Amino acid sequence: GESVGLHLPTLSVQEGDNSIINCAYSNSASDYFIWYKQESGKGPQFIIDIRSNMDKRQGQRVTVLLNKTVKHLSLQIAATQPGDSAVYFCAENFKGNTPLVFGKGTRLSVIA
Amino acid sequence: NAGVTQTPKFQVLKTGQSMTLQCAQDMNHNSMYWYRQDPGMGLRLIYYSASEGTTDKGEVPNGYNVSRLNKREFSLRLESAAPSQTSVYFCASSQGPFSNQPQHFGDGTRLSIL
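Heads up: the sequence lines are chains A and B, in that order. All the letters of the first sequence, read from the start, carry residue numbers 1 to 112 under our numbering. All the letters of the second sequence, read from the start, carry residue numbers 1001 to 1114 under our numbering.
So here's chain A without its partners, still in its complex pose (with noise of 0.2 Å):
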């Protein structure tokens, strides 16, 4: 299987339940920020956006919340899934001209 996910934080989650998965980001410039999924085996996934401007985007399922003040991003999934079991991880762009930079992410595992 992958091993990408070694080392990583795990949060388990009861199936039904909602998730919240939590990334602390370090740039206090940084004016864009994405969550990615990714599934063993597979490349990272584009889940949702935000940026600097908004506190909260919704999405089908996905919920993302951004505290600028303590420059902290969460994703929040409702009614988790097996199918929602992956490394979940956050990713920002410096605002000026660096591409993405990745955080190292979290293993979501759901407890059917």
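Keep in mind the hints are simulated off the structure, nothing from the lab. There may be inaccurate statements among the hints.
Said to hold, decoys possible - Cβ-Cβ distance ranges computed for the label pairs, FRET-style: (1) A:60 x B:1002: 21 to 27 Å; (2) B:1008 x A:61: 31 to 37 Å; (3) A:111 x B:1067: 42 to 48 Å; (4) A:41 x B:1022: 44 to 50 Å; (5) A:111 x B:1112: 28 to 34 Å; (6) A:42 x B:1026: 16 to 22 Å.
The model shown is predicted, which means the values in this text are computed figures rather than measured ones. Just so you know, even glycine gets a beta-carbon here, dropped at the ideal spot from N, CA and C.
Put chain B on the given structure of chain A with help from the hints.
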């Protein structure tokens, strides 16, 4: 619509061998990227190409070279493979590196160097 396609999916090399990883995107994106992903390290940028005809070093460029062949294709070359380059390599593309648009990834090349 294939998105980002990487070849090969798996490869085993001996130390000192050379290898080119191929990447193509069909989304008409301007920018393309090469990352490596190691356990506990997250995604680390090797090289990127902001637009056709330009390439720039990322966080970990040593031991690698890249070629932006045309708008669609961006290749990564290991001239003399070393065991430290054992990793999963991902190619990605986006409208632009600073454009506040998401990057879209391929499914990776799993490279082992013995």
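Results for each hint:
1. At roughly 24 Å, the beta carbons of residue 60 of chain A and residue 1002 of chain B sit within the given window of 21 to 27 Å.
2. Evaluation of the 31 to 37 Å hint for residue 1008 of chain B and residue 61 of chain A yields a pass: the beta carbon distance comes to about 35 Å.
3. Between residue 111 of chain A and residue 1067 of chain B, the C-beta spacing of about 46 Å keeps the proposed range 42 to 48 Å intact.
4. Here the CB-CB span from residue 41 of chain A to residue 1022 of chain B is close to 19 Å, at odds with the stated 44 to 50 Å.
5. With their beta carbons about 33 Å apart, residue 111 of chain A and residue 1112 of chain B fall inside the hinted range of 28 to 34 Å.
6. Between residue 42 of chain A and residue 1026 of chain B the Cβ separation comes to about 18 Å, which falls inside the hinted range of 16 to 22 Å.
When each numbered hint is compared with the structure, a violation occurs for hint 4 only.
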